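One letter stands for each residue in the lines below.
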Amino acid sequence: MTSTAPPTTPASSPKASPFSLVARHATRDNVRAVISQYGIFLIFGLMVIVASFLSPAFLTTTNIVNVIRQMSIIGLIVSGGIDLSSGSVVGAACVVAASLAQIPDRAFYPAIAGSPVVVAILAGCGVGALAGMINGLLVAKTGIPPFIATLGMYTAARGAAMLYTTGRPLSHLSDAYNVIGQGDFLSVPVPILILVVMAFATHILYSRTKFGKYIYAIGGNEQAARVSGINVGRYKILIYTYAGMLSGLAGLVVSSRIGSGQPGLGVGYELDGIAAAVIGGTSLSAGGIGTIPGTIVGALIIGVLNNTLDLVNVSAYWQQIIKGGIIVGAVVLDQRKNRGDR
Amino acid sequence: MSGEFVLRMQGISKRFPGVHALDQVQLNVRKGTVHALMGENGAGKSTLMKCLIGIYAPDSGTIEFNGQQVSIVNTHHALSMGISMIHQELSPIPHMTVAENIFLGREPLTWYGLVDMKELNRRTRELLGRLGIAVAPEKKMVELSIANTQLVEIAKAISYESSLIVMDEPTSAITEAEVANLHNIIRSLRNRGVSIIYITHKMDEVFNICDEVTVLRDGRYVGTSAIQSLSHDLLIQKMVGRELTDMFHKEETPVGEPILYVRNYSGKRFRDVTFQVRRGEIFGLAGLMGAGRTELLETIFGVHPRTSGELYLHGKKVEIRRPSDSIRHGFALLTEDRKLTGLYMNATVRDNISIANLLRYLRGPFVRFRKVAADCERMRQALRIKTPSLQQKVRNLSGGNQQKVLLSRWLLTEPEILILDEPTRGIDVGAKAEIYRLMVDLARSGKAIIMISSELPEVLGMCDRIMVMHEGDKVGELARGDATQERILQMATGLNLSTANA
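Just so you know, the sequences run in chain order A and B.
Per the numbering used here, the first sequence starts with residue 1, numbered consecutively.
Per the numbering used here, the second sequence starts with residue 343, numbered consecutively.
Pulled out of the complex, with its shape left as it was, chain A reads as follows (with noise of 0.2 Å):
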């Protein structure tokens, strides 16, 4: 997609440089660029390399199979934007979920229990749905920012899994449900085929789609998009309902993993979710910037980064610590970045 620009952009400096020099600026600009845009791989694929000299159990398939795991879940939260809510609608959507996949005699629910596996998924997607429109409808119809907006819903949606439980996680789930988290097909965890059957459709639809171009120029300036006919309110209900239900199947997917819907799960991953987005080149301060390739490659850096220190026997406070100077890094680096562009 991103050809190397022709050579025939006119200088705007009225003075004529020698050639030597012009061809100098061009390749620093080139390569410039190319770190700009394939930065954030390089760095992967550095700390892959630290990472395995730092640790041999590193490179082991458990572990990298460990990792993609831990990053199916936050790699699904990812796509949504601003959206603090995102960790409570996965514990929502979660014991929504489990409720209909329990074995009907040791239920919770005994009247919905033993649901097939498709009723529970959709339920779960459903919630998830359902909460992020309701975030939607109240950015777009009351303009309230969308941080506040998804910061009513990160309580209002953990207090109503807290209620629909009476607090009490949900166990004794199907077999059918957990394969969801704990299969394999064809020696490919499920978590994994999930995460990149959705990783893929969502890229296309950002990409590739109507919705998706909507999305960016709203974001990248909504005054021109709304004079250029774009029915703004419309898509943002749309990304927000969108955003809601890939929480709910992280929901799904986290829940399954550990056989157990639990009203507390999710915690702190609508963090875990802006920060893979944002060291994955998703700007915060300028709309309209961030790929998902990128934001995959952000979450398993985040990933790479608990699991080296796990490994490596860093205590886990420190671990945060280290996680917090990271995306604050990612940010400073993409102002200066965006700096430059206007």
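If you are wondering where the hints come from, they were derived from the structure by calculation, not from laboratory data.
Predicted, not measured: the structure shown is a model, and the values here were computed from it.
Be careful, since some hints might not be right.
Below are the DSSO-like pairs computed for lysine-lysine, each with C-alpha atoms no more than 30 Å apart in a straight line [to be verified]:
| id | chain 1 | residue 1 | chain 2 | residue 2 |
| --- | --- | --- | --- | --- |
| 1 | B | Lys460 | A | Lys210 |
| 2 | B | Lys482 | A | Lys210 |
| 3 | B | Lys460 | A | Lys141 |
Away from chain B, derived, C-beta distances all over 10 Å, residues of chain A [what the hints assert, rightly or not]:
| id | residue |
| --- | --- |
| 4 | Val119 |
| 5 | Ile121 |
| 6 | Phe200 |
Even for Gly, the Cβ is constructed at its ideal location relative to N, Cα and C.
Keeping the supplied structure of chain A fixed, place chain B upon it in accordance with the hints.
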């Protein structure tokens, strides 16, 4: 020219809090004509156009389009009826490509429902080729120059195949050759029966391309005439009204010794600029949008880092790294965008005036509010700030009075060099005249004033010397006696770069 009207706007009124932006305005545009909409800044041209395309709802009045009364609810509605607009102030979506920007909201789809990027780029290439605009469809908007950005906006408005196109200052950033090309495009559109509402400040363009002119002044309708029945002077007179003669109270004040000497200054968006300013002088900076004037002065003030150059005050070299340095050395900067970088809209008049001076009102850790109030009151009277009290929030003041509050703030610091960036943008005619009077008073009291202005009459009326910039280079300097509108425009568009540099 046919007699049939494509658009009839009658009795349009629109109020904003504190301002009567439009008062019973009418605009009638004939089919297949180019209709100029003229008036000073703040006359209501943009507001009227926003009522037309559904960004604002007028408080009263009727709009007839193609003979039918319509009520336009949003821009989408306007576009679907065949009204499109080149927006002057709207920037594009920076991280999307040229093609994506032009066809935003109208993307061609493939049979399986995805956006057809190939077709999108092909159509864009064809459109730009037809209009003679040399920009690659795949380029991102951030990578374009300001002139090319404006050309893309023009192409976008034309691509809707509308029967009425509003062009709000379409030539503010492009070169003469590109203007000529645009005018050819406009002529061919007109021959196909398209009507165009053309908003501009450039007199030549009006007489060059337009068939009829409607003039607004202070939100009121002044009149509509065929272009043949008008002369330059008559048109200006209609626009400015009676203020024309006493608008600029320019007095020749004695010019003293040089205070500021800026040597070989370079920074972001400007290169190798050298100039001098003397005591008692009003020094003007003219140029098109994006010429680097604001960046130059903000760099001198210490907002941005410079890449090279030296700065001398009273012949002594000084080092300015940040605004606090320049304030200490007696600079004051009135920024271009009052709301963004100047005023605290929700704070009181008093707090806004005193904020840059709090240090000198301190006794121990406490602010001596009685002294603050006395000084603010003095400023209010000196500058004739219209406000019910010093406790009023600045938000509730008119644009002109807000500007005076900002000016008071900087005058309290007792500066030697006053930098004014577009000091009269968006304020009404009366307040403008008062700002001009103040500038003359300040110059007479021995201060040096540097003014950026995009309104040439203002530059010509107020400045003792005018420096013209073009794409970051100083093109030349004109003394008050030598400066004319045409000369400045020529230099600002880079036409006689080679001769002026000599």
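### Structure versus earlier hints - violations, ascending order
Result: hint 3 breaks, nothing else.
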